[in-house]
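*Asks:* Chain by chain, the residues:
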Amino acid sequence: MKENGNPYKPEIATVEDTWYETYGERSIKTFKVVLDDEKARENWGHRPGQCAMIGLLGVGESMISISCSPTEGNFLRFSVLRLGKVTGALHELEPGDKMTVRGPYGNSFPVDDWKGKKILTIGGGIGQAPLRPIVEYVRANRDEYEDLTLIYGARTSEDLVFKSEFEALGKQDDINCHLSIDIEEEGWPHYVGFVPSLLMEVNPSPENTIAITCGPPIMIRFVLENLKKLNFADEQIYTTLENRMKCGIGKCGRCNVGGLYVCKDGPVFSYATLKDVPEAFA
Amino acid sequence: MDTKKLSKDKLGEFVAVLAKQNKLYIPQKEGENLKFKPLSGDQEELDFPRITTVPPKDVFFPQTETLYRFEQGGTDISFPKEEEEAVVLGIRPCDARAMAIMDSLFSWDIDDPYFLNKREKTTLIGLACLEPGVNCFCTSVGGGPASTEGLDILLTDLGEDYLLQVLTEKGGKIKLSVEELLEEAAEDDLDTAEKLVKEATSKIGRSINTDGIQEKLPELWESPLWKNLSNSCLGCGICTFLCPTCHCFDIQDEMEGLEGRRCRVWDSCMFEEYTLHASGHNPRPSRRERLRNRINHKYSYFVQNFGKIACVGCGRCIDLCPVNIDVLDILSQVVKEAI
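These protein sequence lines map, in sequence, to chains A and B. At position 58 of the first sequence (counting the first as 1) the number is 58 in our numbering, and the numbers step up by one without a gap. At position 128 of the second sequence (counting the first as 1) the number is 128 in our numbering, and the numbers step up by one without a gap.
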């Protein structure tokens, strides 16, 4: 079997830095990793919205959003929610440890087509991970975009990811940052309530705007509904889906929504594409 | 087309030559079941069953296949060795068509080298189906008892001889290697073969009109049909494991001592874990959604993506379902319900 062109062959990558975003049973840990092979590093070239299969030899692989923009540097970032066997083992990794990485997979957010427009991201929980590359890409090319508005929420303030980044972004004049938590907490200065309600509160104009949302399936459904109430056209709304995946290249079968494969035709879809696809929001 | 004749007296020699130069797969017993396995020395008399229990898809897509090996704690990965030249003898036209269907999937945008290398190195010598089974419906889904799609050579049993038709360059190479065992075929032989195939075609008792089924299926998304049909389903997955076109797989890591391998194993869309998210959420939480997906995938989504139905009408899923779920019944209800 030739190695070259073998799509199942992973690259070996080294964890350069890692830190917890949230703690507890369902902790989220972010990994900054660098591919060991120089050539692989040069050829990687991911776009905002793409994913990668990351894993450990002997344990397995999981499809995880690449949570950094290529504009940030020649490294990769993954924010991993600890839930199963693979993500549990990944959480044990410390700087200097190795993981396997293959990809990048899937399509990407058409960020270059969005130049000249207002960008609105609406995230919930770990769903901010695939949205973060858009934010960073827009920040790196700030002059080419109009307003940048971030709406982000989690169950409690303890469950918010990228907290220090949000704090810094909130202080910038050229970014509108709106945070929320589901349940009242002492000392919380921002919105209390669900993300779809915060969206209505912010009341963004659809004019020349692209709205991108990601979060738990139930949140996505209500955000889409509310965006429609705010008169966003289907073509102005984007989301990124996740499903269980194994191959990442449209062969193993399981990630389909209707005739579309999330790993290959997605994970990024416009609402115009998805609205008639069976089980897209199942 | 290059057409010859092989006397049945020479079948043993024919097999010997093929086996000498290639890894030769022929139908063999494994416990109660029949499947294609490499010819071994202690082979009993050669017998070609109507259809094997297990389709020969596992020649190209083994139930468990090593993607690569590694050592515990290491980062070196070693890949399996190059595939050897192989011949599958006695594959039925439906199972060969299934391979052509799988080719589209495994070469879709990104080539799957594991499957495609084996396909490239393997010659398929088919045997026309002159005695169709009770649940055969190949003629409804684009095939037939002597369909040649996916085959390199087609044999037709004429009684005393086999008519041997070379269909591809690969088939031509095999023919050259057995040239001295072959005789010229007469016009009569071709006529006889044609007559036998025609008779066989007329013996196919089951059929379904698949016209427009691709469009009809999504219209019935919320129909009570799916709940009703799935009520008796046990979710055992046999319909998918023994389907010659089903290709879904899982990727698993396995450790044996310090040696490890990452392998792919057959999986089934009829299993709950197939789509279960790590969060516990399942987009296809019950057998209703899973059955609906299986039927939609075969007769609608696959058609949408590849322009062909992912079913060859072999009837295995009907023959082997422990609770008698019948795909033709399902499809006829779809046709009936759709407006």
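Derived from the structure by calculation, the hints contain no laboratory data. Possibly wrong hints are sitting among the right ones.
Listing some non-contacts, in silico: residues in chain A with all C-beta distances to chain B over 10 Å [to be verified]:
| # | residue |
| --- | --- |
| 1 | Asp36 |
| 2 | Glu61 |
| 3 | Ser62 |
| 4 | Glu92 |
| 5 | Lys98 |
| 6 | Gly116 |
| 7 | Thr156 |
| 8 | Ala168 |
| 9 | Ile183 |
| 10 | Glu242 |
| 11 | Asn243 |
| 12 | Cys247 |
| 13 | Lys264 |
| 14 | Glu279 |
With a cut-off of at most 25 Å between alpha-carbon atoms, the simulated SDA-like pairs for lysine to any residue come out as follows [stated by the list, open to error]:
| # | chain 1 | residue 1 | chain 2 | residue 2 |
| --- | --- | --- | --- | --- |
| 15 | A | Lys275 | B | Gln214 |
| 16 | B | Lys227 | A | Ile175 |
| 17 | A | Lys85 | B | Lys227 |
| 18 | A | Lys9 | B | Phe79 |
| 19 | A | Lys85 | B | Leu220 |
| 20 | A | Lys98 | B | Asn282 |
| 21 | B | Lys227 | A | Asp182 |
| 22 | A | Lys85 | B | Gln63 |
| 23 | A | Lys275 | B | Trp221 |
| 24 | B | Lys198 | B | Gly260 |
| 25 | A | Lys9 | B | Gly307 |
| 26 | B | Lys118 | A | Pro7 |
| 27 | A | Lys9 | B | Thr75 |
| 28 | A | Lys117 | A | Ile175 |
| 29 | B | Lys216 | A | Gly259 |
| 30 | A | Lys85 | B | Glu71 |
| 31 | A | Lys85 | B | Lys198 |
| 32 | A | Lys9 | B | Glu84 |
| 33 | B | Lys81 | A | Tyr271 |
| 34 | A | Lys85 | B | Glu85 |
| 35 | A | Lys228 | A | Asn203 |
| 36 | B | Lys37 | B | Glu85 |
| 37 | B | Lys216 | A | Gly58 |
| 38 | A | Lys85 | B | Ser140 |
| 39 | A | Lys9 | B | Gln72 |
| 40 | B | Lys216 | A | Gly258 |
Beta carbons: idealized from backbone N, C-alpha and C, even for Gly.
*Asks:* Determine for every hint whether it applies to the structure shown.
*Replies:* Each hint tested on the structure:
1. Asp36: 8 Å, violated
2. Glu61: It is violated; glutamate 61/A is separated from chain B by about 7 Å at its closest Cβ, not greater than 10 Å.
3. Ser62: At roughly 8 Å from the nearest Cβ of chain B, serine 62/A sits no farther out than 10 Å, so the non-interface label is violated.
4. Glu92: Label holds. Min Cβ-Cβ 13 Å, cutoff 10 Å.
5. Lys98: Check fails; 5 Å does not lie beyond 10 Å.
6. Gly116: 31 Å, holds
7. Thr156: At about 17 Å from chain B, threonine 156/A clears the 10 Å cut-off, so the statement holds.
8. Ala168: 29 Å, holds
9. Ile183: Nearest chain B Cβ is 20 Å from isoleucine 183/A, so the label holds.
10. Glu242: 8 Å, violated
11. Asn243: Nearest chain B Cβ is 7 Å from asparagine 243/A, so the label is violated.
12. Cys247: Answer for cysteine 247/A: violated, closest chain B Cβ roughly 7 Å.
13. Lys264: It is violated; lysine 264/A is separated from chain B by about 7 Å at its closest Cβ, not greater than 10 Å.
14. Glu279: Glutamate 279/A not clear of chain B: closest Cβ-Cβ about 6 Å, inside 10 Å.
15. Lys275/A x Gln214/B: Judged against 25 Å, a Cα distance of about 19 Å means the pair holds.
16. Lys227/B x Ile175/A: 50 Å, violated
17. Lys85/A x Lys227/B: The hint is violated at about 33 Å.
18. Lys9/A x Phe79/B: 9 Å, holds
19. Lys85/A x Leu220/B: 37 Å, violated
20. Lys98/A x Asn282/B: 31 Å, violated
21. Lys227/B x Asp182/A: This hinted pair is violated, its Cα atoms lying about 36 Å apart.
22. Lys85/A x Gln63/B: 23 Å, holds
23. Lys275/A x Trp221/B: 14 Å, holds
24. Lys198/B x Gly260/B: Status violated; Cα separation ~53 Å.
25. Lys9/A x Gly307/B: Distance of about 30 Å is beyond 25 Å: violated.
26. Lys118/B x Pro7/A: 16 Å, holds
27. Lys9/A x Thr75/B: 12 Å, holds
28. Lys117/A x Ile175/A: Given pair lysine 117/A, isoleucine 175/A holds - Cα atoms ~14 Å apart, limit 25 Å.
29. Lys216/B x Gly259/A: 14 Å, holds
30. Lys85/A x Glu71/B: 19 Å, holds
31. Lys85/A x Lys198/B: The hint is violated at about 56 Å.
32. Lys9/A x Glu84/B: Holds, at roughly 21 Å.
33. Lys81/B x Tyr271/A: Violated - the C-alpha atoms of tyrosine 271/A and lysine 81/B are around 46 Å apart, more than 25 Å.
34. Lys85/A x Glu85/B: At roughly 39 Å apart (the allowed maximum being 25 Å), glutamate 85/B and lysine 85/A break the hint.
35. Lys228/A x Asn203/A: 12 Å, holds
36. Lys37/B x Glu85/B: Holds, at roughly 15 Å.
37. Lys216/B x Gly58/A: 45 Å, violated
38. Lys85/A x Ser140/B: 45 Å, violated
39. Lys9/A x Gln72/B: 17 Å, holds
40. Lys216/B x Gly258/A: 14 Å, holds
In terms of the numbered hints stated before, the structure departs from hints 1, 2, 3, 5, 10, 11, 12, 13, 14, 16, 17, 19, 20, 21, 24, 25, 31, 33, 34, 37 and 38, listed from lowest to highest.
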